[in-house]
Every structure is written in structure tokens, then in C-alpha cells.
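Asks: Protein chains in written order, with our numbering: chain A, 1 to 259; chain B, 260 to 588.
I should point out that these hints are in silico values taken from the structure, not numbers from a laboratory.
It cannot be assumed that every hint is accurate.
If we take Cβ atoms under 8 Å as the criterion, some of the chain A residues that face chain B in the derived model are [as the list claims (entries may be wrong)]:
id, residue
1, D110
2, L111
3, N112
4, T114
5, M125
6, G185
7, M225
Since this is a predicted model, take the numbers as computed values, not measurements.
Quick reminder that beta carbons are idealized off the backbone N, C-alpha and C, glycines included.
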Amino acid sequence: MKILICIKQVPDTESAHVVDETTGEIKIEDLAEFKMNRYDEFVVEEAVQIKESYPETVIDAISVGPERSADVIRRAIGMGADNGIHIETESDDYLSPSVISSWVANYARDLNYTLILAGAISEDMMHGQVGPMIAAHLEMPCASSVIFEQLSIQNGTVYVEREIEGGNRDTIELRLPAVLSLQSGINRPRYPVLSKLLKANKQKLEIIDAASLPYPKYPEDMVDMTLPRQSRAGKILEGTPEEKAGQLLNILLEKALIQ
Amino acid sequence: MNPPIVIVAEHEAGKVRPVTYELLAFAKKLCRIKSATVKVLVLGNDVHAIADDIARSCGKDVISVQVPGLMGYNAEAYRLVLDTEIRELRPAYVCISHSTQGIDFAPAVAAKLGAGCISGVEDLFETDDKICFIRSIYGGKILAHAVCRADTTVLTIQPGIFKLAEAEMVSPGVVEKKTAAFSFRQSRSMGIKKSEADTSRITEAKVVVAAGNGIRTEENLDLIHQMAALFPRSAVAGSRIVCDLGWLAYNQQVGVTGATVTPELYIACGISGATQHVQGMRGSGFIVSINTDPSAAIFKVSDVCVVEDLTAFIPILIETFEKFKNKSI
């Protein structure tokens, strides 16, 4: 069985602020630290767990992005993926999910994957489109926000539970091959193993020049970024931590939220 | 005449879901920029009565597609039937709810049609002859302005934002009833499993103290519990990420896929404020947020913002509260 896992490198906005405190300007371009999209860690883990049940499984990890994206492919190999494919873009410019999904589908078309796994969304652009779009391009069935999956190779099916509103689950059986986009919490992602990471660093990745691939007509584009409006008072407390605690106490007393 | 705007209705157990009317409100706003006919598509096993309901209440024309065997929602059926209908209608925009259903089929419908696709639309405006759609990125810290030049663009609209004004008296729209030839080849829906998680503790609490990824370690949950203990009828809740880590149970999760809470006081500790979380708590009476990141999205929906590290600040807060309590006794 062959599994294709789609992973993305995203800016690490936990460790750095995206808005400049003094100028109030957005500084996404200056973010220098990158990591694997959190949802994709669940994707790698799920594939590795499947491989543990079906040892003959081969896991291919694919990512679209500039040169630095190779880091997350190597991390996936460190977690247990077998091969890495890097569709390398020249610049860091915004890429629509329409473009990314058409490139990945193009790569996967004739390679007989039983399963294609993607994260439910990316933490940076938050579209959640790539998984379902790959499925549409390849005419495969698809389920998104998958929180549980159970393969039945004998029947050629996969049973999935999709997480829907209120924590309820929509249950479906899909015919293989299928595309699943995985919800966070489906498993507990492992840390990469050092020996595998060292091996991954030496392993040759399959590099595909994005410029050589067909570009879809009129994908959506991002033309600007702004800061969200304040929908409530948003009173920012000033002073020392002790002063802030005192102010907060007074506000809650005034509002009769504490007695 | 401009190409039409198509709305895909959402329904459950024979009833129209309210998000359908939100889509109509969104389409109305879109029509103010680019006038167009709005048509509603509804599909399912037995939907003609639902279609009549929609046509009566909103006055728009409805295309009611009977899909034999489609008892609830199924991605395969939606993808194929919508593909046929949309090709026929050639709309400029297809509006779908950014619900767990909408996000499941909308991108696939767009990809198959060669249409553009913009997810989680929160607002729109016109600029230089283009329509810009606003959507959240980076966990809601930033808004992106998206445009699309394709003939057809599929939009998923964030729930809870667009509301129709009071019902107007309208003459009912025309309902076109048809049956789609469709058979399930790739999938089999096996029904909805209701969540067994009992969320009553957090939905009934007067004060909810919620922990996010900013608490960093499981041990720091103690601080959250200590703070909750300051308030009578309080409960500890968390964002999805804290539940994913197993630090809190899923019945303590606030957000789209967890519980929706409306306490008198909501204290968000180290919560970034992603849309999925905010949708579950924005109806709270008073919202206080503690976060080290001054640009955290949670501050945009807060009444009071404390830019501090919660591990240092919460102990000070607890001390301040206790001093006050001892004094008043």
C-alpha cells in the first residue's frame, strides 16, 4: 500500500508576534522561524500508525513551497515517512490552494496511492481546501475533518468519522483509493527520532521545479492584509502586573461579576 | 443581465438550517455591489417541502433537486449533483455555509468546475471595480483581502455574521422541482453519531475560566483551577488544542466542534482566539483575556485585555482577589 501525505511549512507565529508593537504594522514577511503545520503532524502520525499495522506500506511525504520547505519533509521522514517529494517554488509568494492542489494531484495521478492524507487546514492561510480539491482532481471520494479512520483493505474501503458541529460525528464508508483531511486530535503525534532525522538529512528528496508545472487559470489571490476590527471595548490595562490585577478586580466589582 | 448568484441551502431533518438565511443576507449585500438574480439550490431525498418553505419566506426562486437515497448530507452526492446544476446556471458566485458540511464539499465543487474558491468569508467590499472578500488568516490575527477573476467563484461564508433584517412581506419565489439521476459509487453514509460528551458543566456555569495553548504545560492548569475557584458556579474550559493534548477532556472544549457557552464572565487565559474558538464564546456577557501577544485575535473580542504572561499574572491576580475577600469579611 502507498500513502501520500501532504504537509506544509508555516511561519511560527507562536514564538514571534505578527504585528509590530510600536508601529502597529503587519510584519509577516519578517517572520524568520518556520515549522510544520500543526494539523500536518497528525497527518504524518496517522500514516505512520497505518504503516505499523501494514508494514509493507510506503509513505511518501509531499510539500509545495520554497527551498526551506524541505525542512518539514525531512521532519516527516524523521517521524517515519519513507520518501520526500518537494515541489519547489522559486519565491515565497502567496499560492492559492487551487494551485497547490492541482500540482499535488498532477504528481499523484498515476502513482496508485491507496490513501492521500492532508491536514484539515493550515495554520497560516486557513483555507482547508487542498484535501477536497485533490480528491476532485483525481475523482476520488473524500472526507474532511476526519477524527477517526479504520481501513478495511480486504473490502477496499475506509470507514471514517468526520467531526461536525457540537462534537457530533458523521460516519461514512469510502471506497479506496480515497482522500482524507484530518482533524487535530485524531492521534498524538510522536516526536521525530534522532537517528531517522540524521538519515533524513542525508536522504535525497525528489525535487520538482514548480515553474515546470501547469498553472491553473484565475485562482483566487490575496491582494492585501489588514488588522481585524475591535468588536468589543478591548480596554488594555496599563501598569505593573499588580496594578493590572487591582484594576481588573475593580472592573469586575463594578460589573457585579464578583461579590 | 449579470450571471446569477446561487445559494446552496443547508437543511436537517426536514427543516431549513438558519445558516441558509445568513447566506441570503450575504447574497443581498453582494447584490448591492453587483446586482444579480439570487437562486437557491436545495438537494436531498425529500426536499420539495423545504424548497416551498424557502421560496415562501425569502421570495427567491428555488431549484429543488430530489436526490433519491440522499437522506442527510453526503459529499459524493453534493459534489456530483451540484456540478450538474451549477454548470447549467453559470453563476458568478456560489454561496455555501462555512459549516462542517460546506467546507467538506465546496472546495471539491470549485476544483471540478475550474472555479475559484474563497473560504470563510466574513465581509466584502468593492475596490477598483473588483470585489474583495475578507477572511481570517493566522488564527484570526490578520484579515486577508481575497479577489478572484474566474467566471465562477465558490464562497464559503462564516456562520453567525450576516443576519437578515426582519422578515419582509414578499411574494413567494418560483420553485422548480426536479429529480437527479444519481447513484452512490464511492461512498456510503452511515449516519450521525451523537456526541456523548456532557458539556453541561461549562454551558451552565456563570463564570468560565478557559485555558489555551499559552498555558504551555499541563502543570499550569492548576493556576486555571485556582482562579476558577475564586468564583462561585464556575467551570474550567479549554480551547481545542488543550483538549487535543489531553490536558482537558473534550467535554470541556469551547468552540464550533465543542460547546457554545454564554456565561456572565469568560476569562480566556493564553487563548489565541481562532475563529473556531470565538464562535463558541462570543455570546458571553463580559470577556477578559490574558495573553502575552498584544496582537492576539482574542483581544479583538474582549472587553478587557491583559498583556501579561499568565503564569506570572494569575498568582498575582489570585492574591489580589483574596486580599480583597479577607478585607470584606
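Asks: Does each hint hold? Answer for all of them.
Replies: Each hint tested on the structure:
no., hint, verdict
1, D110, "violated (19 Å)"
2, L111, "violated (19 Å)"
3, N112, "violated (17 Å)"
4, T114, "violated (14 Å)"
5, M125, "holds (6 Å)"
6, G185, "holds (4 Å)"
7, M225, "holds (5 Å)"
Of the numbered hints stated above, those contradicted by the structure are hints 1, 2, 3, 4, listed in ascending order.
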